[in-house]
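S.K.: The task is simple: from the sequences and hints, build the whole structure.
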Amino acid sequence: MGRTLLWAAVAIAVATVAVSSIAAEDAASLLGEFRRIDWDSREVGQDKDLSDTAWQTRIRVERDLVTLGADALPALVDACSDDSGHVRLLAAHVLGYLNDGAAVAPLIRIAGEDDYAAARLMAVEALGRLGAREGEAVVRAAAEDTNRYIREAAAWALPRTVSGEGVGDSLRELALDTWDDTPIASAVVGEPAPDFALRDADGVTVRLSDYRGRKNVVIISLLADW
Amino acid sequence: MCNRELVQLQEAHDRFVEGDAAVLVIDAQETFRVRDWRDKLDSPFTFLSDPTAWVSARYGVAKQIVVHDEWVSLPSAFVVDKAGVLRYAHVGRGWPMEERATAADILAALPK
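Chains as they are written, first to last, in the working numbering: chain A, 1 to 226; chain B, 227 to 338.
These are calculated hints, taken from the structure and not from any lab test.
Incorrect hints may appear among the rest.
Said to hold, decoys possible - So the derived list for chain B, only partly shown, Cβ under 10 Å to chain A, looks like this:
1) Gly245
2) Asp246
3) Ser269
4) Pro270
5) Leu274
6) Asp276
7) Trp280
8) Val305
9) Val311
10) Pro337
For glycine and all other residues, C-beta sits at the position ideal for the given N, C-alpha and C.
M.R.: Below you can see the structure in the form of structure tokens.
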């Protein structure tokens with residue numbers, strides 16, 4: 001038994017070293033995979049091709065970069081200067097999960113200067129999530145942006161940059177708790193609905209399976225909250 | 227779904243109750259934003275916060291189009307029966323809006 005535990009410990013140690021040494025390469029290859037997709041042609045909701053699965057790459061790359069965490073940081077900071085606005089947006093989004101001060105300067109630059117509005121918006125949100133006091137000035141300026149949606153994002157982010165209280169590690173921990181091996185797009189009519197647990201507006205955890213045997217459930221997925 | 231459609235669903239709230247159905251509204255935002263919105267709409271529905279968009283991803287709708295400079299979910303509706311089986315799925319494209327599920331569509335999909 002003792003020997004088994006010892007071997008298990010050795011195996012875990014070896015695996016840990018292996019993971020950290022390949023992580024930087026992983027982050028770069030994930031970003032490369034993301035960059036190769038023509039996102040411009042997929043932005044439009046009119047007559048969208050519902051059989052197109054490129055969006056699953058976005059979800060998977062986000063998930064894997066957040067999971068890599070600190071190991072992905074150098075590649076994400078570099079990606080904040082990428083030629084593609086879509087890559088800068090992705091990097092800003094993931095950096096909002098990682099609670100690392102190294103993200104603040106590149107996010108301030110995107111929030112203040114990026115010519116791609118979606119990247120600016122995401123950087124503003126991420127500065128709020130980081131509770132970055134150094135970001136207060138740029139978020140305050142974003143509250144006067146010509147783009148209405150950036151102004152709204154700034155209104156949400158500003159109190160966090162003023163107080164210095166962002167999400168800490170909570171958003172990443174929630175993500176790591178939530179993300180499981182269930183495949184993306186696994187809801188099929190006629191089969192058991194994928195179970196989930198989410199917090200409601202008051203912070204109470206609600207599970208789909210709570211309703212089993214008691215009520216039918218209508219699930220409404222929102223395009224957006226406006 | 228967006229604001230105006232949600233208001234229409236709320237107007238049908240009594241009929242969802244008659245159909246023995248709970249309505250869960252999933253918003254891929256942090257809890258404080260979901261709460262603000264629920265309060266603004268004074269909604270009788272249960273609003274759920276899915277900030278990582280993972281549930282939306284598993285239901286096949288997350289981050290597929292850009293609306294107002296953000297990648298957002300497709301406007302969609304699902305019905306799950308009391309046995310936990312998915313009975314109805316309507317994944318809408320962003321536009322034309324006529325393609326989105328209406329309250330009548332969803333009510334018709336509830337088990338009798």
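S.K.: Hey, does the B:Pro270 contact hint survive, CB to chain A under 10 Å?
M.R.: violated (12 Å)
S.K.: Checking hints one by one. Is B:Gly245 an interface residue toward chain A, by the C-beta closer than 10 Å rule?
M.R.: holds (6 Å)
S.K.: Regarding the hint that B:Val305 lies at the interface with chain A, is the smallest CB-CB distance below 10 Å?
M.R.: With Cβ-Cβ at 6 Å, under 10 Å, it holds.
S.K.: Using Cβ atoms only, decide whether B:Pro337 comes closer than 10 Å to chain A, and label the hint accordingly.
M.R.: holds (6 Å)
S.K.: Does B:Asp246 hold up as a contact with chain A if the rule is Cβ-Cβ below 10 Å?
M.R.: holds (6 Å)
S.K.: Measuring from the C-beta of B:Ser269 to each C-beta in chain A, is the shortest one below 10 Å?
M.R.: This interface hint holds because 9 Å falls under the 10 Å limit.
S.K.: Go through the hint on B:Leu274 and say holds or violated, using the shortest Cβ distance to chain A against 10 Å.
M.R.: holds (4 Å)
S.K.: Does the nearest C-beta of chain A fall within a distance shorter than 10 Å of the C-beta of B:Trp280?
M.R.: holds (5 Å)
S.K.: Against chain A, is B:Val311 within 10 Å by beta-carbon distance?
M.R.: Given a least distance of 6 Å, the restraint on B:Val311 holds.
S.K.: How about B:Asp276: closest beta carbon in chain A under 10 Å, or not?
M.R.: Holds, because the Cβ-Cβ distance from B:Asp276 to chain A comes to roughly 6 Å (cut-off 10 Å).
Hint compliance for this structure: hint 4 alone is broken.
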